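Produce the entire structure from the sequences given, and follow the hints as far as they go.
Here the protein sequences line up with chains E and A, keeping their order. Take the first sequence: its position 90, counted from the start at 1, is 89 in numbering that gives the first Met the number 0, and no numbers get skipped. Take the second sequence: its position 68, counted from the start at 1, is 67 in numbering that gives the first Met the number 0, and no numbers get skipped.
Hint data in this document are derived by calculation from the structure and do not stem from the laboratory. Predicted, not measured: the structure shown is a model, and the values here were computed from it. Keep in mind that the hints are not guaranteed to be accurate.
Not everything, but these chain A residues come out facing chain E in the computed CB check (under 10 Å) [claimed, not checked]:
1. 13
2. 27
3. 32
4. 73
5. 169
Calculated cross-link-like contacts (lysine to aspartate or glutamate; reagent style EDC-like; alpha-carbon spacing at most 16 Å) [claimed, not checked]:
6. 57/A - 132/E
7. 67/A - 1/E
8. 128/E - 55/A
9. 87/A - 1/A
10. 67/A - 29/A
11. 65/A - 29/A
12. 142/E - 67/E
13. 65/A - 1/E
14. 38/E - 173/E
Virtual Cβ for every residue (Gly too), placed ideally from N, Cα, C.
Residues per chain, in single letters:
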Amino acid sequence: MEIFWLVILGLTMGIIFGVALEKSRVMEPGVLIGQFLFKDYTMLKMFLAATATGLVVLSGLTALGLAELHPKSFVVGNIIVGGTILGAGIAIAGACPGTVFAQIGRGYKDAWLTVIGGIMGAAFYGYNKSLIDGVLDMGSLGKITYADLFPSLPFWMLGIITAAALVVVMIALEMYRPWKVDRGMDQNNDASASSNTAHA
Amino acid sequence: MDLLRQNVWSPYLAGMIIGLLQIPAFLLVDTALGASSSFVTGTGFIFSLFDSSITEIKYFAKYMSKDKYFWQSALVIGIALGALISYKASGRKASFSSASWKTIGASSAPVVRLLQGFIGGFVLLVGARIAGGCTSGHGISGLAQLSVGSSVAVAAMFAGGIVTANLLYKRAS
Chain E
0 MEIFWLVILG
10 LTMGIIFGVA
20 LEKSRVMEPG
30 VLIGQFLFKD
40 YTMLKMFLAA
50 TATGLVVLSG
60 LTALGLAELH
70 PKSFVVGNII
80 VGGTILGAGI
90 AIAGACPGTV
100 FAQIGRGYKD
110 AWLTVIGGIM
120 GAAFYGYNKS
130 LIDGVLDMGS
140 LGKITYADLF
150 PSLPFWMLGI
160 ITAAALVVVM
170 IALEMYRPWK
180 VDRGMDQNND
190 ASASSNTAHA
Chain A
0 MDLLRQNVWS
10 PYLAGMIIGL
20 LQIPAFLLVD
30 TALGASSSFV
40 TGTGFIFSLF
50 DSSITEIKYF
60 AKYMSKDKYF
70 WQSALVIGIA
80 LGALISYKAS
90 GRKASFSSAS
100 WKTIGASSAP
110 VVRLLQGFIG
120 GFVLLVGARI
130 AGGCTSGHGI
140 SGLAQLSVGS
150 SVAVAAMFAG
160 GIVTANLLYK
170 RAS
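Here's what the structure looks like:
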């Protein structure tokens, strides 16, 4: 595809992504951090729904031979240390590398500083990549997937089974704590518009 | 467009929509949804204004030349546009920082929010680039491909987030 159309496609998909992030309130710092404090389960629910849907989609596309998977390599030291640092960053910033752009769109001025910090962070890693990767080097297990661990099952079958298991988890979670409990105040348009609260 | 005027959608609906975005990502771009690579692309082009030798660093050169990273950079700009459309449609107002900081007992003082935002953003991207992906790439996309590495990354992400959040914030009710 030509670069012009790739950019148009990216913008279009991003707009849909951004609307979903804003409407679900997953881009609010209090919602993301609230999940880490286990006082708000919105993020986990959205995350499970996106993963389960993705599993069904990719099961279908691969079974029909329409798409190839692109799993990331399991570089042991980088994944464990980087993942932990990323989690700490989410808790400090109240944002993920994707949701911070939804915060900018939502009109939160402080999110611009998060993006600037992120650019500096990406520069810090980029300029010191060989040093950092060298320190963290614990080998790589390659692009391994759970489907590789169960060679008797094709990816699409394991994908559908996992998606079904995630649906069960979501049902249990919803019975334990309905999503409207966490988003209670946001339901009322008038109250929310006048007090300008996203989550209070 | 009644749905767009609503203040809140169920997290399940939002998650399903995001999951369905994997269809155009895999079929048309031959890649998975992600966000943090775009920071390397942006960094590369911004820093190239001051450091013309940055394109000689293989890591930056890769993110400044491949088509899929231009697609992803457009995606994150689209995320901002989508959130803008969404909050305007529901009739709420912009603010310096999110009112939700109050619910976790954090300060709303602009200087605190700016400083914490900058530090948080730095830590966020150092971690994401070391791990080779973020909540989208390792989280939503990695788990949807049953990647073993991504599942460990997500576990580490939650561990780091839970510990840090409990150290930084109080459980205000």
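Unmet hints by their number, sorted upward, for this structure: When the structure is compared with the hints, none of them turns out to be violated.
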